[in-house]
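Enquirer: Once you've looked at the hints, dock chain B against the given chain A.
Protein chains in written order, with UniProt numbering: chain A, 1 to 343; chain B, 1 to 343.
Just so you know, not all the hints are guaranteed correct.
Which copy is meant is left open, so a pair is good if it fits within one copy or across any two.
What the hints assert, rightly or not - Straight-line alpha carbon distances no greater than 25 Å define the calculated DMTMM-like cross-link-like pairs of lysine to aspartate or glutamate that follow:
hint: 1; residue 1: LYS109; residue 2: GLU291
hint: 2; residue 1: LYS78; residue 2: ASP296
hint: 3; residue 1: LYS299; residue 2: GLU77
hint: 4; residue 1: LYS112; residue 2: GLU179
hint: 5; residue 1: LYS78; residue 2: GLU291
hint: 6; residue 1: LYS78; residue 2: ASP68
hint: 7; residue 1: LYS107; residue 2: ASP161
hint: 8; residue 1: LYS107; residue 2: ASP147
hint: 9; residue 1: LYS78; residue 2: ASP103
hint: 10; residue 1: LYS78; residue 2: GLU298
hint: 11; residue 1: LYS78; residue 2: ASP67
hint: 12; residue 1: LYS78; residue 2: GLU303
hint: 13; residue 1: LYS107; residue 2: ASP67
hint: 14; residue 1: LYS109; residue 2: GLU329
hint: 15; residue 1: LYS112; residue 2: GLU259
hint: 16; residue 1: LYS107; residue 2: ASP297
hint: 17; residue 1: LYS112; residue 2: GLU291
hint: 18; residue 1: LYS78; residue 2: GLU289
Quick caveat, the hints were computed from the structure, so don't treat them as lab data.
Spelled out, the chains give:
Protein chains: 2
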Amino acid sequence: MSTSSAIPENPGRVLSIQSHVAFGYVGGKAAVFPLQCLGYDVDVVNTVNFSNHSGYGRFGGTRATADDLRSVFDTMEKNELLAQDRLLTGYIPGAEALSAVADFAAKLKERKPEAIYLLDPVMGDSGRLYVAADVIPVYRNLLHLADIITPNWFEVETLTDTPIRDLDSLRAAFRVLHERYHVPHVVLSSIPLTPWLLDALPPSLRPASGTEQLLCLTSSIHGQAVHARCVPLIPGYFSGVGDMFSALTLAHFVPESGEGAISRAASYALAKTHAVLQRTHEYALGLPEDERQPTDDEKDVVEPLRKTRRMRGRELRLIQSQDILRRLEDDVAQRMMPWEGFW
Amino acid sequence: MSTSSAIPENPGRVLSIQSHVAFGYVGGKAAVFPLQCLGYDVDVVNTVNFSNHSGYGRFGGTRATADDLRSVFDTMEKNELLAQDRLLTGYIPGAEALSAVADFAAKLKERKPEAIYLLDPVMGDSGRLYVAADVIPVYRNLLHLADIITPNWFEVETLTDTPIRDLDSLRAAFRVLHERYHVPHVVLSSIPLTPWLLDALPPSLRPASGTEQLLCLTSSIHGQAVHARCVPLIPGYFSGVGDMFSALTLAHFVPESGEGAISRAASYALAKTHAVLQRTHEYALGLPEDERQPTDDEKDVVEPLRKTRRMRGRELRLIQSQDILRRLEDDVAQRMMPWEGFW
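Looking at chain A on its own, in the form it has when it is part of the complex (with noise of 0.2 Å):
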């Protein structure tokens, strides 16, 4: 990997505005400590404040009001403490907290337009919203101001309003997300690799059969360059992966490294990410049996803590991975390669 890609010794400042859970490693949790240990400096706004992510079937807490956040950003306005280099947003419960973002995001942009928004548009995953659907105008609004979305597949799906079932649809998707919504970076990190796309990648592409891949994509306006690489899938239910794999790659981004910038950033979040599963993987797999019980709802609904055990154990290793967030070496990433002929 190009050495243009490493991040400077002191890369600026960074505002992360997502959940907060006090045990745990999801949202703000998952992304602050690695976007520190790579050196941003990073301003934290909390748009909830649980006891743990929701995957535990029972949790406590309070949302943040969309006035909580106004009062919280316009302070900092009147303070002078707008100085953010990048904006980093995750999970924000409801449209009208959304809208408050988004208006404080419009005016970091105003104020700052080189300042880089990684947009995480969290609504929901394999075919089931997990947020109401009055947000989902309100994140198509919002797309123009971002540099980088992290959506998954589901979540690329309802804002383009697009199903995709093959390479034409997937190709009508970013298309959608380019031109109309003029995004100029789209990141897709975990896509289950389904026959057509296993078919549809180059030869060069496709995994080495045998285990199990997830499917990473990057699409980039400049250039109209598409980026892919399969990792193994590692089994198992895993919180706060996308959250701290939208996190590294926006500490990766150097948009000075040009137009493979996105790539590259992906790249890095890419083996950082599969590190850290593994690791945690490794670390749930030597737990007592009882913390370690295979996924099973209907168990799951006898005895709640099964699930809350379970749950526990899977935590991920974000603390005792910090060798892993902090290498900078270009070895670091098997590199994402071009999607020859996508286009």
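Expert: Same frame as chain A, but now just chain B:
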């Protein structure tokens, strides 16, 4: 320093309960990152969510109510997430919220008597309370649960109801904390070196005359040991220093290292805090003139942003000091020395 004071590779889990600010480094923002750098998983409960620290003169955001906090604590208990080996509490807004934290601390200690609780009884400074007076009795009732407390001079006087004017009254105050409130370890980090205190110090502990100095004192029930060390005063006002110092003291406290555990921990915390402040001071000196205007209340009243800019320029260079925070070598700290004959 004995290697027995080294922090293990997986030192365990800390629960940090204190204030959160979006911009800058006080409360949890000053405490959590140092603990994480040293390998601790840190669970984080935010007692307030503000835009910036109050020293800016103007701040926005919200305070957590006692109910908000209980909702988080109760859910963590139901979900079996009270797995912390250590507890760190700082600023808590008001007696009701403090009572919620006190109930939680009692529960954690009941469940895990060996858990180490560092209590920073944040009440005021320099003769002025900045919390409501009704928190004082709540803190007194909380003291018996603490293993280490890190009050400032004024907070010692307030908790013990003892004006400290000479060595006798200092001894009396420590006796109240150790004997009436059963606090094992007391750490006072930045005591102005008044003439009577300088005279009371054994010659071996007196600073090389010249630069203005601050005194750090630890007093332990174990072996009735009092240790002291002077450090050069770094001019100007910095925020979050005490929060960072308390976190570092807890991080470096290794009970297995025996009688000297607290003086060793404070030695590390003192050396690292001083080094981070030195770096912050040097950074501030290099800022444009309007970002480093000296304190002048009259001018600040006329132009509020004058104060704001000064505060911004003096935020801790915490992220840029992670090399300092991470150090574990025995020579990192000039060790605190016994105050022979203190009692």
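Enquirer: Could you run down the list of hints and mark each one as holding or not?
Expert: Hint by hint, here is what the structure shows:
no.	hint	verdict
1	LYS109 to GLU291	between (46 Å within a copy, 24 Å between copies)
2	LYS78 to ASP296	between (51 Å within a copy, 20 Å between copies)
3	LYS299 to GLU77	between (51 Å within a copy, 21 Å between copies)
4	LYS112 to GLU179	within (23 Å within a copy, 58 Å between copies)
5	LYS78 to GLU291	between (49 Å within a copy, 16 Å between copies)
6	LYS78 to ASP68	within (16 Å within a copy, 28 Å between copies)
7	LYS107 to ASP161	neither (28 Å within a copy, 51 Å between copies)
8	LYS107 to ASP147	within (15 Å within a copy, 47 Å between copies)
9	LYS78 to ASP103	within (15 Å within a copy, 38 Å between copies)
10	LYS78 to GLU298	between (53 Å within a copy, 20 Å between copies)
11	LYS78 to ASP67	within (16 Å within a copy, 31 Å between copies)
12	LYS78 to GLU303	between (51 Å within a copy, 13 Å between copies)
13	LYS107 to ASP67	within (17 Å within a copy, 34 Å between copies)
14	LYS109 to GLU329	neither (32 Å within a copy, 45 Å between copies)
15	LYS112 to GLU259	within (22 Å within a copy, 55 Å between copies)
16	LYS107 to ASP297	neither (45 Å within a copy, 31 Å between copies)
17	LYS112 to GLU291	between (48 Å within a copy, 20 Å between copies)
18	LYS78 to GLU289	between (54 Å within a copy, 20 Å between copies)
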